[in-house]
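**Q** Sequence:
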Amino acid sequence: MDKLINKLVVTKLKDMIKAIRAAKTAADERAVIAKESAFIRTAIKEETIETRYINVQKLLYIHMLGYPAHFGQIECLKLVASPKYADKRLGYLGIMLLMDENQETLTLVTNCLQNDMNNSNVFIAGLALTTLGNISSPEMARDLCADVEKMLGSPNAYIRKKAALCAIRIIKKVPDLIENFLEKAKDMLRESNESSLLTGISLEIEMSKLNPDYVIPQLKEQVPALVKRLKNLITTGFSPEHDVGGVTDPFLQTKILRLLRILGANDPRSSELMNDVLSQVATTTESSKNVGNAVLYEAVLTIMGIEAEHAVKVLAINILGKFLSNPDNNIRYVALTTLTRTYHSSLLTAGEGNTTSLQRHRATILACLRDDDSTLRAKALDLSFHLITPSTVSALMKDLLSYLEINPDIGHDARSSLGKRIVDHAARFRVSKVWEMLVNLRVLLLAGDARGIDAVVYNFVKLVSVASEELQVTAARRLFWSVAKGGELVGIKEGFVLAMCWSCGEFGDLVVDSGFVTASVEDGDFGGSEVPGGAAAHFGTAPSEREVVELLETLLKGHFATAVVKAYAVTALVKLSARFGDDAVLEQINQLIAKHQVNMDVEIQARAVEFNAISGLELEVKSGLLERMPVLEVAVKEEEVKGTGETLVAESLRNSTSSMNASEPKQATPAPKPEVSAVQDLLGLDLNFDLGSTPIAPVAPSVSQL
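Residue numbers (UniProt numbering): 1 to 706.
What the hints contain is simulated information worked out from the structure, not anything from laboratory work. Heads up, some of the hints might be wrong.
Unchecked claim - The calculated label-pair distances, taken between Cβ atoms and stated as ranges, are:
(1) M600 with E470: 36 to 44 Å
(2) E241 with N266: 32 to 40 Å
(3) K14 with K220: 53 to 61 Å
(4) A537 with D413: 29 to 37 Å
What the hints assert, rightly or not - For lysine-lysine, the following BS3-like pairs were computed, each having C-alpha atoms within a straight-line distance of at most 30 Å:
(5) K150 with K173
(6) K322 with K398
(7) K186 with K228
(8) K622 with K595
This structure is a prediction, so every number in the text was calculated from the model and none was measured. Idealized CB from N, CA, C, for every residue including glycine.
Take the sequences, apply the hints, and build the full model.
**A** As structure tokens, this is what we get:
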């Protein structure tokens, strides 16, 4: 009687769904779920067979809502043991949802799976194969491998298809079983049934990935058959059964192309057999719909992945060029990604002569730099650097600098990284030293406030240190007048200001020499016409000693100046004390240095104390200590390869942050102290200051970092 009552109060799945959807709050929903779960638990304990099917249905729905339903696993096993197809279908579905390969209860399913795979009902056998293909553990794979292998030889195409998909799972779990399925997989390539052929190719692709050395040589003989099958697909007329968007069986086409790509890699003989059919696919496939574009994309990847003829590879790049003109952003993104990957292939790595195909689409690629989609802009930017050659560097630098200017919101790290890449390529493919200097200054002006820009400052220091005096003065005056006339808009660009402090400190005597003529420079898109305050009009003018010192004083007092800028400015002042001759200016310098002996920043205070001691020395001794920074050895080595397109000798743009990280001052590794010289002994200074004979370089945070 109790069982009858329980059966009468059992609600259907539809009723439970209505009750859950009618819940107005999450608490109400949980209450409904808890009530139903309690009914189901009671039914499970009482082993109510009549309601088992409905209860498992409800449990699966509860599981999909995210609530616990693991207590229904055994009920699913009981449904699988039922002779009814409907019960088995729901039971296997429950097993796939509620269990995984790590569940201990999964071992109880093995016998049911084996029995059902050999069932005369193909649909029941299909259920068993599907379940095994979804949740098979390594142990189950070994136990049922022979049965799956047997199913691959079934006369029923439906069973062969299911068995092939199941075999993929088995070889993933136990790669040693690949040899058990290889011959069966090769036989499936002769299938006339499209679905069986599709799964057979999928099985071979997976085998080739898991054990290429063993599988690929044995599949080479299949290349002619695959080529013939692909050619039949693209030449066959309209087939309603397999047509998708005007393309005959695109799924099978893409699978064949993937397998050909694997078999033709590093194999000229196999690749030669594929050239004609790949050309046909590339030229005859309709590209007006996404279906055709998917096939073309796979064809491009296959062409670039094998030893295809040059003409065929050019055809592939032209297809990607068409993709770039597609209004769909997804297709354009795929094209940019593939072109970037293609750059590293055999077609585009042998020098400028082989980049012609890619250069044809330069305008379209650069147009993507101005697209509204940020992901497209990022991909186009990456590809743009691969377009740089000695003949295109000038034009491309303008576009890259323009990108840096019109995208100020791309983030500090991205801007500094972009700045590093720009100056790196400007050095590798430089037109002249003056041109490279202008690019460096432009990057510092546009991205000088980004974190990590000190690497570009370091690059600028290396460039100017090995340049002629004429170029040194040109750079220093441009920096000086840009900061002096640019106001806050330039003052906040820390990297630009640091370069100015260093240049004026090193070459101050030349900067103020009115008889020293600067180099002739055509600003173009890199010059100072964009600097606020009309600074460009003063670039050829020599400032006075007082103007230089007053600008440094302004930086020391300004609220925009960071501790790093102030450290550079103080070091520049002590350098200038040995280069300037005006007594009033020298007195002003001494006062400024002395003032910072009580600075709250320990680094600046220590410098000021050291420099104040140096200021009181005799001119000859002081001049020896404050000589210009010696030319860096790494800069000399880099000069030998600049302009050749080769990678620079020292990868300073990536590693210099640790040596010039002014934004986070840290304790430098102490250098071995030199022996005490007679000059040092006469100074009467604390030798812990390490004031050796090496000239002091105005680089924060440590005077020895450059």
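**Q** A separate judgement is required for each hint: does it hold in the structure or not?
**A** Here is what the structure says about each hint:
1. In this structure the hint that M600 and E470 lie 36 to 44 Å apart at CB holds, the actual value being about 41 Å.
2. The supplied range of 32 to 40 Å is met by E241 and N266, whose beta-carbon atoms lie about 37 Å from each other.
3. At roughly 57 Å, the beta carbons of K14 and K220 sit within the given window of 53 to 61 Å.
4. Separation of A537 from D413 is about 35 Å and conforms to the stated range, judged on CB atoms against 29 to 37 Å.
5. Using a Cα cut-off of 30 Å, the hinted pair K150 and K173 holds, with the two alpha carbons roughly 19 Å apart.
6. Restraint check for K322 and K398: the C-alpha separation of about 25 Å stays at or below 30 Å, so the hint holds.
7. Among the hinted pairs, K186 with K228 is consistent with the structure: their alpha-carbon atoms are about 15 Å apart, no more than 30 Å.
8. Restraint check for K622 and K595: satisfied, since their Cα atoms lie roughly 20 Å apart, inside the 30 Å limit.
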